[in-house]
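There are 2 protein chains.
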Amino acid sequence: MKYKADIVVTLKNGVRDPQGSAIETVLKRTGMETDPNVAVGKYFSVVVNGESEQEAKSKLANICQEVLSNPVLEKYEIERFELTGGVR
Amino acid sequence: MKYKADIVVTLKNGVRDPQGSAIETVLKRTGMETDPNVAVGKYFSVVVNGESEQEAKSKLANICQEVLSNPVLEKYEIERFELTGGVR
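The listed protein sequences correspond, in order, to chains A and B.
Each residue of the first sequence is one higher than the one before, counting from 2 in our numbering.
Each residue of the second sequence is one higher than the one before, counting from 2 in our numbering.
Mixed in with the good hints there might be a few duds.
Which copy? The list can't say, so a pair holds if one copy fits it or any two copies do.
As the list claims (entries may be wrong) - The calculated BS3-like cross-link candidates involving lysine-lysine, where the alpha carbons are at most 25 Å apart (straight line), are:
1) Lys76 to Lys58
2) Lys29 to Lys76
3) Lys58 to Lys13
4) Lys3 to Lys13
5) Lys60 to Lys13
6) Lys3 to Lys60
7) Lys60 to Lys29
8) Lys43 to Lys60
Think of the hints as simulated: they come from the structure by calculation, not from any bench.
Chain A with its partners taken away, still in its complex shape (with noise of 0.2 Å):
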């Protein structure tokens, strides 16, 4: 059966956003917000094969920790977990 996962990776706190603070830079110089606060993550959809929910999910948390994400300086949420025919 494929699973469905989105996955947002973002940065622990107290790490430096440099990203973030662009956005922030932009949105008061062009006028658009006076006082903004912005974080910068990464967005994935991943679509798995799994015997069972138990199985792709532990397939999916393999894959956040090994190749999506960098755990000394990001950690990452599983938002949203669903049986799929693909990705949308």
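Chain B: place on chain A using the hints.
For chain B alone, kept in the frame of chain A given last:
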């Protein structure tokens, strides 16, 4: 009042996703997944001020279109929208 939104920016259908393909190759090569399907996008957590929910939402839509996404290649989705004190 401060409103926080989680925004996901992904490539439009039909636009090539080389990052996603690269991750698929890694997953296959390492044997982590035989038939993966991966799409990559960007994630933003944005806090804006607004007199009303309406005002905050229209501000956010403008920010998404003008700053966070390239409307030619990308689409955005506001995944969560709530009153808040600050960015997580």
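Indices of hints not satisfied (ascending): none
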